[in-house]
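Since the structure of chain A is provided, determine the placement of chain B on it from the hints.
So the chains spell out like this:
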Amino acid sequence: MAIIGTETEYGILAPDEPAADPEVLSAAVVDSYPGPGTPSLAETHNRVLGNGARLYVDHGHPEYSTPETTNAADATAHDLAGDAIVLRAAAEASRRLGVRLKLFKNNTDGKGSSYGFHENYLLSRALEWESIVDALPTFLVTRVVFTGAGRVGLGTHGDSAEYQLSQRADFFERVSGLDTTANRGLVNTRDEPHARPSRWRRLHVIAGDANRSPYATWLKLATASLSLAALEAGFTPPGRLADPVAAFRTVSRDLSVRAALPLVGGGTASAIDLQRRHRDACAAYLATAEFAEGDEVVREWSEVLDDLDRDPASTADRLDWTAKLGLLEAVRERQGLAWDAPRVAQLDLAWADLDASASPFSALERAGRLVRWIEPAAVAEAVAGPPTDTRAFARGHLVANHPDAVVAATWDSVHVRDSRGRIHNLRMSEPLGHARGSIDVSATIDRLCADWDAASAGRAAASDYTARS
Amino acid sequence: MSERIQRRRTRQATDDASASELTSTHRAAKAVDYDAILDEIDSVLEADAEEYVRSFVQKGGQ
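Residue numbers (our numbering), protein chains in the order written: chain A, 1 to 469; chain B, 1 to 62.
None of these hints come from the bench; they were simulated from the model. Even for Gly, the Cβ is constructed at its ideal location relative to N, Cα and C. Among the hints, erroneous ones may be present.
As the list claims (entries may be wrong) - Footprint (simulated), chain B over chain A, 3 or more residues, beta carbon under 8 Å:
(1) 11-22
(2) 111-118
(3) 324-332
(4) 338-346
(5) 351-360
What the hints assert, rightly or not - Taking CB as the label site, the calculated pair distances span:
(6) D39/B <-> R299/A: 35 to 41 Å
(7) E50/B <-> E430/A: 51 to 57 Å
(8) E46/B <-> D404/A: 42 to 48 Å
(9) R54/B <-> D306/A: 40 to 46 Å
(10) H157/A <-> D35/B: 29 to 35 Å
(11) D39/B <-> A242/A: 44 to 50 Å
(12) P376/A <-> V57/B: 30 to 36 Å
(13) R459/A <-> R54/B: 57 to 63 Å
Bound conformation, chain B alone:
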C-alpha cells in the first residue's frame, strides 16, 4: 500500500485568516471577491472574447 494515503488531507483554505471559518459547514457562505479574481486573469484573457470562443473548435474524441 502506498504511503501517500496515510497522509491526512486538510480541508483548509490557504487563506489563514478564514481557515477556521472555512472548515465549518458554511465555508462558502463567506463572500468571494469576484472582482479581484477577474482582475487577476483579465490581463491575460484574449481581448476579443467572441472571436476567441468561436476559434475553439475541437475534433470529436472518445
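In isolation and in its complexed conformation, chain A is listed as follows:
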C-alpha cells in the first residue's frame, strides 16, 4: 500500500503593499487560520491542524503539508484542501492586517526565485536506494509532458518570454543531491522518514510542478506511487536518459512533445516513449499484485500519452500546460500580442491565483472545460477531518477534539497532558497504525493516555521477549 503526502509552498503578495515582508505576511496567514489546530507560537508559526495536516512558514512562504494518505485520490483531495485552507486563512489575515493578500499555487516568480511543490512517498527500507537513483531521473524528467504547470518565460529569470511546459525545469542543476534551495538535484537524497527508520525510507521528490488541475495532480501522484511500487517489486523499465538535467530543459521547451532524448548506451527515445516503458512496467507489476486505483491509473496514463502523441491540445481538458497554452494562444491571436506582452504574463500569473474570481483556470473549470476529477465533497471532507486509514486520524482527532490537552504534535508523536498534569508522549512510529477503529473517539483524554501507555508497554514487553528469545 502506498503512503503519500504533498507539500506546497504558496507564492504570496500584498498587491497594494508590494514591499511588505513576506515572512510577516506568511506568519499572519498561518496564525489566522480559524479552523481547529494547535496554537501558533510567535517564534515558529508552525501548526498541526485538525485534519492531520501541517501549516507553517517556510522561506517566506505559507506552506501546507497534507496528512499521510494511502492513495492518489485521497492525496489529491487533501492537496486541494490545502488550497482551501490557506485561502481561508489569507482572507482572515487580510482582515486582521488591513491589506489585500493574494496566494499563488506556482513555482517561480520569473525573477530568479523558485519554491517547491514536494511529493513524499514512503518506501520500504529494504528497497535498494541505487535502484531509485538509477530509474527515477528518467521518470521525473519525462513525466513533465503531463505534470507541467506551464510557464511563460525561459531561464531562471525569464530572460526570453517563450512558453515552456514546466515551472521547475530551469531550477535543477544535478542528478541527485541533498539541497532543496540551491544546486537542486532531480533526486533528493533527504531521508527523514518520520517513522520507524529500520522499516521505512521517505522519498522526497522536489522536481515536480504545483498543478492547478486536480486531474494533473492525481496523475502525477498516481503514476509515481505506482511506479515506485513496481520498482520495489523489481519491475524496472529499460532506457535511461544520458543527461537527465539537460533533458529536463529539452522536454520542458518542446511543445511538440517529440524531442529525441539521448539515452545511455546510444540511441534516443521521446519523453512519451520513455513514459510508456514505465507504464508497461507498471502494467506487468499489476498482473502480479494488488494496488489501489492501479488499473485506472494505467488506463488514464495510457490515454493521456496517446492523446499527447496525437495532438497535445487534445489534453487541454485535463492538463495545466495545454489548457493554459490554449488560452494564451487565443489571447495572443485575438489581441495581436507577442509572448512578452504584459497581458500574457499577467494571465500566466493569474492562472495560479487561488482567488477563483481572478484565475482563468477557475473560469475554465466553472465553464465545464476541465474534467471534474475530484468531487468537491471529498475536498470539503479533507478540510474538515483527517484521512481515516493512517495515523493522521489519531493526530487529527487529538488536535481537533482535545485541543487543551495537546502540548505539541509532530508527524510521529503527540504530547498530551492528562487531567493530573502528567505529560504523555503518544508515539506513532507506524504510519499505517492509529487509524480509525484503533482509537476510541469517545474516550476522555485520561482514558486515551492510559490505553496508549498500556499498548506501548505491551509492545515493549513483546519486543523485549522477542529480543531475549
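Here is chain B on its own, set in the frame of chain A:
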C-alpha cells in the same frame, strides 16, 4: 483502506450539453469560448498588468 477510493471518478464536464462529447477522446476539440472566460476575470484583474507582474517578487524557497 479509505472509503474515498471506492468512489468512481467521473470524467465529465459540468456542462451537461457537452458531457457526452467530452467523454470521447476528442473532448477538447470543441472550441472553448475564451472571450467569455476572459470577460469573467478581467473585471478583477489589476488594470496595470505590467506593474502587477513586476511587483510579484518571491523569496526563493525549496
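Checklist line | Cβ contact check, 8 Å cutoff: the stretch 11-22 of chain A against chain B, three residues minimum | finding: holds (count 6)
Item checked: Distance restraint evaluation - D39/B, R299/A, Cβ atoms, bounds 35 to 41 Å -> holds, 37 Å
Check: Does the hinted range 40 to 46 Å hold for R54/B and D306/A at CB?
Finding: Roughly 41 Å apart at Cβ, these two residues keep to the hinted range, so it holds.
Notebook entry, point to check: For the stretch 324-332 of chain A, do three or more residues have a beta carbon lying closer than 8 Å to a beta carbon of chain B?
Noted result: Three-residue rule met by the stretch 324-332 of chain A, so holds; n is 4.
Note to self: Against the range 30 to 36 Å, how does the distance between the Cβ atoms of P376/A and V57/B compare: consistent or not?
What the structure shows: holds, 33 Å
Note to self: I want to verify a distance hint. Is the separation of the beta carbons of E46/B and D404/A within 42 to 48 Å?
What the structure shows: Given a distance of about 44 Å, which is inside 42 to 48 Å, the answer is holds.
Margin query: Can you confirm whether chain B covers the stretch 338-346 of chain A, using C-beta to C-beta distances below 8 Å and requiring at least three such residues?
Written below: Per the Cβ count (4), the hint holds.
Next item on the list: Could you say whether the range 29 to 35 Å given as a hint is met by the Cβ separation of H157/A and D35/B?
Entry: Holds, since H157/A and D35/B (Cβ atoms, about 33 Å apart) stay within the stated range.
Notebook entry, point to check: In terms of beta carbon proximity below 8 Å, does the stretch 351-360 of chain A have 3 or more residues touching chain B?
Noted result: holds (count 5)
Next item on the list: Indicate whether the distance between the beta carbons of D39/B and A242/A respects the range 44 to 50 Å.
Entry: About 48 Å separates the Cβ atoms of D39/B and A242/A, which means 44 to 50 Å holds.
Note to self: Closer than 8 Å Cβ to Cβ for three or more residues is the test here. Does the stretch 111-118 of chain A pass it with chain B?
What the structure shows: Holds: 7 residues of the stretch 111-118 of chain A have a Cβ under 8 Å from chain B.
Checklist line | E430/A and E50/B - C-beta distance against the hinted 51 to 57 Å | finding: holds, 54 Å
Going down the numbered hints, you'll see the structure goes against none, and every one checks out.
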